[in-house]
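Note that the protein sequences, when read in sequence, are chains B and Z. Here the first sequence is numbered in the working numbering, starting from 994 and rising by one per residue. Here the second sequence is numbered in the working numbering, starting from 1214 and rising by one per residue.
In case anyone wonders, no lab produced these hints; they're calculated from the structure. All of these numbers come straight from a predicted model, not from anything done at the bench. Treat the hints loosely; a few may be bogus.
Okay, the calculated beta carbon distance ranges per label pair [unchecked claim]:
id, chain 1, residue 1, chain 2, residue 2, range
1, B, Arg1235, Z, Arg1760, 25 to 35 Å
2, Z, Phe1522, B, Ile1016, 23 to 33 Å
3, Z, Arg1760, B, Asp1565, 17 to 27 Å
4, Z, Thr1554, B, Thr1217, 31 to 41 Å
Below, simulated BS3-like cross-link-like pairs (lysine-lysine); rule was C-alpha separation at most 30 Å, straight line [claimed, not checked]:
id, chain 1, residue 1, chain 2, residue 2
5, Z, Lys1446, B, Lys1228
6, Z, Lys1394, B, Lys1228
7, B, Lys1476, Z, Lys1519
A virtual CB, placed ideally from N, CA and C, is assigned to each residue, including glycine.
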Amino acid sequence: MTRKRSVALRTAWRLLAFLRPFIPQIVVTVLLGGIMIVANMLLLSMASYLIAGAAIVTMIVLLSIPITIVRLMGLVRASARYGERLLSHNVTFRLLAHIRVAVYRRLAPLAPARLLQLRSGDLLARLVSDVDELQNLYLRVVAPVLVAVLVTIVTYWLFAVFDPALALIAVAFLVISGLALPLLALRLTRGLGREQLALRGRVNVHIVESLQGMSDLLAYGQATRRREELAAWEKRLDRLQRRLAVAGGLQEGLQELLTGLAVWSILVLAIPLAVSAQINRVYLGFLAMLMLAAFEAITPLAQAFGQLGHSLAAGERLFRIIDMPPTVSDPPQPRALPASSSLELAFEGVQFRYEEQGQQRTLTDISFRVPAGARVAIVGPSGAGKSTLLRLVLRFWDPQAGRILLDGQDLRSFALADLRRLMGVVTQDTYLFNDTIRGNLLLAAPSATEEQLWRALALAQLDDFVRQLPAGLDTWVGEQGLKLSGGERQRLAIARALLKDAPILLLDEVTAHLDRLTEQALLEALNTLMEGRTTLLVTHRLLNMERMDEILVLDEGRIVERGRHEQLLARDGLYRRLWEVQNALLPLA
Amino acid sequence: MEKQILRECRAVRWPLALSVLAGLLALLATVGQMALLSWIVAQVFLGRAGLRQVAAALVALLVTICLRAGLVWLREFWARRAGSRVKSEMRQRLFAHLLRLGPLFVRDERSGELVATLNEGCERLETYVARYLPQTVWSLVIPLLLLAIMWPLDHLSVLLLLITGPVIPILMIAVGSYSQKHIQRQWTTLARLSAHFLDTIQGLVTLHLFGRSGAQEARVARLSEEYRRRTLKVLRYAFLSGAVLEFMTMLAIGLIAVFLGVRLINREIPFVQAFLVLLLVPEFYRPLRELGTHYHAGMEGRVAAKRIFEILATEPAVNEPATTPSPLPVAPLTITCEHVTCRYAGSERPALQNLTFTLPAGSCTALVGRSGAGKSTLVNLLLRFIEIESGAILVNGLPLDRLPADLWREYVALVPQRPYLFSGSIRDNLRLARPEASDDEIESAAELAGAASFIRELPRGYDTEVGEQGLRLSAGQLQRLAVARAFLKQAPLLILDEPTSSLDPESETLLREALTRLRRERTVLVIAHRINTVAAADQVLVLDGGRLVEVGEPAALLEQPTSAYAQLMTARMRGAGALPGKEAEAL
Ligand SMILES: Nc1ncnc2c1ncn2[C@@H]1O[C@H](COP(=O)(O)OP(=O)(O)OP(=O)(O)O)[C@@H](O)[C@H]1O
Ligand SMILES: Nc1ncnc2c1ncn2[C@@H]1O[C@H](COP(=O)(O)OP(=O)(O)OP(=O)(O)O)[C@@H](O)[C@H]1O
Ligand SMILES: [Mg+2]
Chain B
994 MTRKRSVALR
1004 TAWRLLAFLR
1014 PFIPQIVVTV
1024 LLGGIMIVAN
1034 MLLLSMASYL
1044 IAGAAIVTMI
1054 VLLSIPITIV
1064 RLMGLVRASA
1074 RYGERLLSHN
1084 VTFRLLAHIR
1094 VAVYRRLAPL
1104 APARLLQLRS
1114 GDLLARLVSD
1124 VDELQNLYLR
1134 VVAPVLVAVL
1144 VTIVTYWLFA
1154 VFDPALALIA
1164 VAFLVISGLA
1174 LPLLALRLTR
1184 GLGREQLALR
1194 GRVNVHIVES
1204 LQGMSDLLAY
1214 GQATRRREEL
1224 AAWEKRLDRL
1234 QRRLAVAGGL
1244 QEGLQELLTG
1254 LAVWSILVLA
1264 IPLAVSAQIN
1274 RVYLGFLAML
1284 MLAAFEAITP
1294 LAQAFGQLGH
1304 SLAAGERLFR
1314 IIDMPPTVSD
1324 PPQPRALPAS
1334 SSLELAFEGV
1344 QFRYEEQGQQ
1354 RTLTDISFRV
1364 PAGARVAIVG
1374 PSGAGKSTLL
1384 RLVLRFWDPQ
1394 AGRILLDGQD
1404 LRSFALADLR
1414 RLMGVVTQDT
1424 YLFNDTIRGN
1434 LLLAAPSATE
1444 EQLWRALALA
1454 QLDDFVRQLP
1464 AGLDTWVGEQ
1474 GLKLSGGERQ
1484 RLAIARALLK
1494 DAPILLLDEV
1504 TAHLDRLTEQ
1514 ALLEALNTLM
1524 EGRTTLLVTH
1534 RLLNMERMDE
1544 ILVLDEGRIV
1554 ERGRHEQLLA
1564 RDGLYRRLWE
1574 VQNALLPLA
Chain Z
1214 MEKQILRECR
1224 AVRWPLALSV
1234 LAGLLALLAT
1244 VGQMALLSWI
1254 VAQVFLGRAG
1264 LRQVAAALVA
1274 LLVTICLRAG
1284 LVWLREFWAR
1294 RAGSRVKSEM
1304 RQRLFAHLLR
1314 LGPLFVRDER
1324 SGELVATLNE
1334 GCERLETYVA
1344 RYLPQTVWSL
1354 VIPLLLLAIM
1364 WPLDHLSVLL
1374 LLITGPVIPI
1384 LMIAVGSYSQ
1394 KHIQRQWTTL
1404 ARLSAHFLDT
1414 IQGLVTLHLF
1424 GRSGAQEARV
1434 ARLSEEYRRR
1444 TLKVLRYAFL
1454 SGAVLEFMTM
1464 LAIGLIAVFL
1474 GVRLINREIP
1484 FVQAFLVLLL
1494 VPEFYRPLRE
1504 LGTHYHAGME
1514 GRVAAKRIFE
1524 ILATEPAVNE
1534 PATTPSPLPV
1544 APLTITCEHV
1554 TCRYAGSERP
1564 ALQNLTFTLP
1574 AGSCTALVGR
1584 SGAGKSTLVN
1594 LLLRFIEIES
1604 GAILVNGLPL
1614 DRLPADLWRE
1624 YVALVPQRPY
1634 LFSGSIRDNL
1644 RLARPEASDD
1654 EIESAAELAG
1664 AASFIRELPR
1674 GYDTEVGEQG
1684 LRLSAGQLQR
1694 LAVARAFLKQ
1704 APLLILDEPT
1714 SSLDPESETL
1724 LREALTRLRR
1734 ERTVLVIAHR
1744 INTVAAADQV
1754 LVLDGGRLVE
1764 VGEPAALLEQ
1774 PTSAYAQLMT
1784 ARMRGAGALP
1794 GKEAEAL
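Put together the whole structure using the sequences plus the hints.
Below you can see the structure in the form of structure tokens.
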């Protein structure tokens, strides 16, 4: 438990550290806030002094000072309030925007290796709702606490003018409700914040997955169950909120009680003083009003502290991302990239396993060389580790043993961004953004001309399709590109990769969703494109294999056969078997 | 809007009413408290009374203070309950409606935006109901109540309040209608931000591949900045109106104090009454001021509610019949399409045109065609994700649109082109098809789909977590799981949309054999581009540009070199001289 508390303290501290550049603004906010509340105190107390005075004097001139104060305070308070609100919100929202970007900056390098542990719905909740949750800390805790301190001091001073005992009582009540109540609120809601935020993340995951997997859900008649699951989450949230409501109501009620008691005690204390003429009876109403108005600084604290648990939990969730080390990172002094004519890729005794996999290796003893400008195909049964191999080349993961070399240098000595700039990649599960066809293409080359776009589309065999669309390149592809057919999506991803015009090509099952005619045309186009580029091609489709400089046959993470197409066919191994199975049903015309 | 919300969620009526009532009672307690306070002060001040003389009143004051504290507790508690109930209920309702709208609706929207509506939107609704709604009632009732109470005390002050009071709501309405469009924009920006984040998170790998994650950071910064700007713009109006309100309040208090003072000097009013009036004046403004502070939250809630009701008002694309027909079709199923035409919303060209064919019971039909021919569209049609524009689909003679979609989908097992696995274990994902399936059944379905071997090799077997969207599996493994899931369902109609696209030839052959075995008891429709999957079929349908161009038996069609089917399956470029002989002939 103490550990948890120290975590919370550390989180609070780190969150507060974000405020450092804004210290002057915060000072001004606090001053304005203090002025606003003191103005109200003066107004109300002066007004009651005014009428009390009026009840005993007979000439209005004697009251001119209170009248002026009363008049002035309205203006002072209104402008102080406006300034304070504007400034504090300005600082806070600037900060939130800054935090969002900061979290994104740390999040991006975590993909994909680390992000597999997190779910996108939960991440979304962190980036949107959790960041918003920090509002409470910056807006309703930091400055208001300081304002409350300020107002307490002013109140003490004002009461001390009349009587030190009164001043002590007044301050005692302010301190109790300013300290004890917020702490109580914090205690009552402790843990609830963390739980609620975790639940919210969970609900978000549920929603995101349900929306994106809706075809599967509906096809399997799971709509009702999904609804019930959401209802179950909601029920848990509801229980939590019930407790929060009890606590929230309690603290509001106690706040009212303390305010009332404070005024009451001041009265009880001041009456004997007034009777014994230690203070003028005229000031009785004045003192009561002063006390009442001073509470304006204290009242919001309890509620803010009731929410503080949420803010801290949100902070913790954000820091979990910020503190997560990426699996791969840039070297301290990245090497300059080799010339594009010498991009030789080589694997040297590479061993790899995904973290979750325990002892089992995904890749064992992989050694091969792709000379600059050569083409190597990787084939083998599903799950053999082909895509994993490409991921290693891209440095999404690093091998546990062995090295991958580019032009004789370890991949790890280059900057990640530089390295990936060299590679034109089509992954197996293509991702399209919810944007236009053009927007998706421009991702690869933001300054590409219209002509270049069409050329890339033509190479990917998609130009005819795009041309017949009413909106052409500006057609919206929908969520994850799902308004296109599977083959169209794949070809758009290919066009995007080709547009990048990179010297190394990594192609993973590029024709999986294409019909044979399109596939054939595409392979022809790719054939000319591979000319002079170092190419790694992963495929189940043993087509045009004779054009490959080498074929690696991967099975269960090992290279079981290697050689050229004819050599492999001549051998009676896995490759030959796969090839025969593939062609068995075709007619021998 | 208020009415609509109250109509939609009956569950909030009681808490809301209780909260409003507690608020009103708390006001009465306040009035009592203030009356006692002014009486005590007056007694001591003018009546020269000591502690003893006012002791009873002091005790009474203490009691009212406690009473008020209790009422405030209740007021807060019920208001919060009302808020969270609205939130929870609207979220569930919205979620249910989205499921009814189906996958095609979601593809047209941005799921991140929908998530924002379900989340932030409902949360804003919560604030609206918990804070703004009761406050509007109080700001209507409490000032009037106080005026009535103050009237006997002092006519002039009441008249003054009557003149200044209405200025505030008028001001607020003016500012409100002005800031409404800014709030609308702010909401749109938030929704965009959320949509953008989701798209970015899920596409991070792609962004890395194109070296765009840095550029994306700039975009995130721009959107966050825009959100900040819009929020502040909205708030600026709220603050300005708040400041004006504050000024009015202070002015009125000052004015009334001076007026009271003047009349006190002239002894036209007793002190105790004057003091009480002074104490009550801030209470007169308090609900209005608070309405001012919650006004902007209220507006936000309204904007969110507008979006929520907009989605709720969207009609599902497919018509649901009012009644369930009887008798229901029984397996085996024969599916007949008669002159079916369909079109995606917003596109001019029909995706399918005038299709007529039959899927006979107990047989396997293969659907082939070039990419974009409309194969998956036919699947969407058969699953009732989109509506037929004209023509009819008959199931054992019964028009499909006479069956409720949920009921019909129980007859169908589907392997979509892009299967989705949910985060959870392999077993959970398979069970999706049949929650009550035993482990044996799961394993034999996996066996049949060729998935059992790799699952066994996974360190935790069937309990392995697959990750969101099955990202921890290889593409072929994911596909085989999707097939296993479909097999497990044992539905009379089995539809497989490219079930072998990521499989190696051997796994593909395994699957073909499984289909050969399965088709005896089922009606099977399989879409594929590869002959190894298609060849087992009893008939093939060839689609081109949304039209059916060829129907026949695969082996027979393959014999005719001119048939569309043969071309699709054996396409081979001319000039293949450099290839080894057998392959050149074979392909
Ligand atoms: N992120 C991951 N975490 C853990 N295991 C993984 C992950 N990705 C893949 N694997 C496992 O690693 C093995 C190799 O996967 P990989 O994707 O490289 O196969 P593949 O040869 O490309 O197969 P396919 O032809 O089906 O695409 C598989 O057994 C898979 O379950
Ligand atoms: N939601 C949608 N809204 C508008 N148009 C769509 C939508 N989904 C698909 N289309 C279009 O309808 C046509 C047919 O798509 P469909 O997915 O049925 O093709 P397909 O035959 O399955 O192709 P593939 O073999 O590439 O998967 C395509 O041109 C596609 O762009
Ligand atoms: Mg793969």
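Results for each hint:
Hint check: B:Arg1235 to Z:Arg1760, Cβ distance near 60 Å, so the stated range 25 to 35 Å is violated. The beta-carbon spacing between Z:Phe1522 and B:Ile1016, approximately 45 Å, falls outside the hinted interval of 23 to 33 Å. Taking 17 to 27 Å as the suggested C-beta distance range, the pair Z:Arg1760 and B:Asp1565 does not conform, at roughly 46 Å. The hinted range of 31 to 41 Å is satisfied by Z:Thr1554 and B:Thr1217, whose Cβ atoms lie roughly 32 Å apart.
The straight-line distance between the Cα atoms of Z:Lys1446 and B:Lys1228 is roughly 36 Å, outside the 30 Å bound, and the hint therefore fails. A hinted pair counts as satisfied when its Cα atoms are at most 30 Å apart, and Z:Lys1394 with B:Lys1228 does not qualify at roughly 35 Å. Restraint check for B:Lys1476 and Z:Lys1519: satisfied, since their Cα atoms lie roughly 27 Å apart, inside the 30 Å limit.
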